[in-house]
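Student: Residues per chain are reported as follows:
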Amino acid sequence: MSSVSMEAATAAKAKQKQRSKPGRFAPNYWPFVIPALIVVAAVIVFPWVFTLWMSVNSWTLGQAQVFAGLDNYLRLAVDPRFWDSLWHTVLYTTLSVVAPLFLGTLAALIFDTQFPLRGILRGVFVMPMMATPVAIALVWTMMFHPQLGVLNYLLSYVGIGPQEWIYNQMSVIPSLVLVETWQWTPLVMLIVLGGLAAVPREPYESAEIDGANVWQKFRYLTLPMIAPFLMIAVIIRSIDAVKSFDIIYAMTQGGPGTASETINIYLYNTAFSYYDIGYGSAMAVVFFVLIVMLSFILLMIKQRANWSDGEAR
Amino acid sequence: MKRKALDRIGLLFVALVMVSPVVLFFLWMISLSLKYEIDNGAFPPIFIPERFAWSNYVKVFEENNFFLYLWNSVLVTGAATLLALVIGVPAGYGIARLKAEKSAVVIMIARMTPGLSFLIPLFLLFQWLNLLGTLWPQIIIHLVVTVPIVVWIMIGYFETTPMELEEAASIDGATPWQVFRLVALPIARPGIVVAFILSVIFSWNNFVFGIVLASRETRTLPVAVYNMLSFEQVSWGPLAAAALIVTLPVLILTVFAQRQIVAGLTAGAVK
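Those protein sequence lines, which keep their order, are chains A and B. According to the numbering used here, the first sequence is numbered sequentially starting from 1. According to the numbering used here, the second sequence is numbered sequentially starting from 1001.
Just to be clear, a hint being listed does not mean it is correct.
[Unchecked claim] Stretch-level coverage of chain B by chain A, calculated; a stretch enters the list once three of its residues show a Cβ under 8 Å from a Cβ in chain A:
{"hint": "1", "region": "1052-1064"}
{"hint": "2", "region": "1087-1094"}
{"hint": "3", "region": "1143-1154"}
{"hint": "4", "region": "1188-1197"}
{"hint": "5", "region": "1206-1214"}
[What the hints assert, rightly or not] Keeping only pairs whose Cα atoms sit at most 25 Å apart, straight-line, the calculated BS3-like set for lysine-lysine is:
{"hint": "6", "chain 1": "A", "residue 1": "K217", "chain 2": "A", "residue 2": "K302"}
{"hint": "7", "chain 1": "A", "residue 1": "K302", "chain 2": "B", "residue 2": "K1102"}
{"hint": "8", "chain 1": "B", "residue 1": "K1059", "chain 2": "A", "residue 2": "K217"}
[Unchecked claim] What the simulated footprint calls covered on chain B by chain A, stretch by stretch (three residues with Cβ under 8 Å from a Cβ of chain A suffice, anywhere in the stretch; the number is not a length):
{"hint": "9", "region": "1024-1038"}
{"hint": "10", "region": "1110-1120"}
{"hint": "11", "region": "1234-1240"}
It should be emphasised that the hints constitute simulated quantities derived from the structure, not laboratory data. Glycine included, C-beta positions come from ideal geometry on N, C-alpha and C.
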């Protein structure tokens, strides 16, 4: 079923391509692209090639550069600090995807309805996403202060004792995730809201006649229809969270100790605090491969979800 | 009817609860920035002080060279955005017309790459070229952020603009450049506005490039505000005031250009 519709789709696409071919008035569009190609080559491709080359060299700034083969990668494999940072990254990313996904979907469901002041409130809700992360992080740092911070004061109202937030090894990652969630829930909300806008009304009317309750309508109608958008939100959020830097660096610099040191922070410290360029480059390569693998897996899941979606229709 | 009105009030209430962390955060930020040290150190915390410490804002500019850093931020963001538009708008046009959307993969990869991995080689390159200490390294490296945004948005935009006018113009003997300049570009103005706004915001907010590449004289605002934290006896009032100054331009832009921002962010996302 799906393969037939796929074939039809590709055939239609080919036809469309044929038709829109400008024939003998085909202008040469390459000159438009060349300046951008040069910039991409200079600031994106060159750094990549250079990083790959550096990763097989042993070089600390100010010392001699020696070809090292795979030494840096082997060193990485047995570096406990790297494995710790990998675990912190996994934990941080998972929490920073799940929490905004849940809250953002909830917010989108609310903003999809009609109520007074909806436009203004949506505008306010979106603000954190665009605010300067460092500036936000500094204010959160003040709010997290164990003695003078306003958060512990608010907690005392509901009978919870003072927390140490980012100053305790156990609570530092959840606290950072709280900030990340505060800032990025709006993006999930916007994406899901885009999905909700495309949802047709009729199924809901017949569901209501059949006596479905709010939860059933969400579970069996809304959720399947917005699933592709949720997947997009998961992909974008994962890629952003896994390389989160500003918030973590500004608030804890990876501390206390190395309790919140993610790969990105460790990479920064290696390259720009210890100036261990070779090792840092190897870490950058491995980190990039991890991100590509993560995106690839998520895209595969999305692809399969789309297919079964097509079959159902 | 009555039932419906009640529903709406209920939804409004839920929405207010949802928005409250945002509102309370920014109100508290303003409150911190307008209090003297004694009030900021008080427990239980004081929300509205008896005396407002406007001097915090004066202090930020007087003691921290903030005018210079503000100017640096304007220059870096302005130059990186303008260059990105000059390079990226034609590129978006070319890619859309060549039907080479696959090449947008490069842009996706640029988005996935951690900023730090661009920094190591470019830092060494700038050092070798003896450019550190000027604003050029930051302007150039901000292109890593701004060019992909502009190209990405413009591809999407030019794909939706009609081809017929352009074909007619080229039949009439217009060169490709004239077609682009006189036919395609004017239609694409709303798309350019979206690209401009997002490019400005992401460049303005960027922190990681600055902490590596900026020297004392070339700091941008996010770096400057971070340095206030690390090199001084931390006093909360001026720090909050500085944080507010850094993020205020972006927040104002967000309020006024909300529709464009939403359009730009979701256009890239839904594809």
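Student: Please verify the coverage claim for the region 1087-1094 of chain B: does it have three or more residues whose C-beta sits within 8 Å of some C-beta in chain A?
Tutor: holds (count 6)
Student: Taken at face value, is the distance from the CA of K1102/B to the CA of K302/A at most 25 Å?
Tutor: holds, 18 Å
Student: Would you say the region 1110-1120 of chain B counts as covered by chain A, given the rule of at least 3 residues with C-beta under 8 Å?
Tutor: holds (count 11)
Student: How about the region 1206-1214 of chain B: do at least three of its residues have a C-beta closer than 8 Å to a C-beta of chain A?
Tutor: As far as the region 1206-1214 of chain B goes, the hint holds, because 4 residues have Cβ atoms under 8 Å from chain A.
Student: Please count how many residues of the region 1188-1197 of chain B have a CB within 8 Å of a CB from chain A and say whether that reaches 3.
Tutor: violated (count 0)
Student: Given that the region 1143-1154 of chain B was listed as covered by chain A, double-check it with a C-beta distance under 8 Å for 3 or more residues.
Tutor: holds (count 4)
Student: When I compare C-beta atoms, does the region 1234-1240 of chain B have three or more residues closer than 8 Å to chain A?
Tutor: holds (count 3)
Student: Is K217/A close enough to K302/A, meaning Cα to Cα at most 25 Å?
Tutor: holds, 23 Å
Student: With the threshold set at 25 Å, check whether the alpha-carbon distance from K1059/B to K217/A stays at or below it.
Tutor: Violated. K1059/B to K217/A sits at ~56 Å, over the 25 Å cutoff.
Student: How about the region 1024-1038 of chain B: do at least three of its residues have a C-beta closer than 8 Å to a C-beta of chain A?
Tutor: Check passed, 5 qualifying residues.
Student: Counting residues of the region 1052-1064 of chain B that have a beta-carbon nearer than 8 Å to any beta-carbon of chain A, does the count reach 3?
Tutor: n = 0 at 8 Å, threshold three: violated.
Of the numbered hints given earlier, the model fails hints 1, 4 and 8; all others are met.
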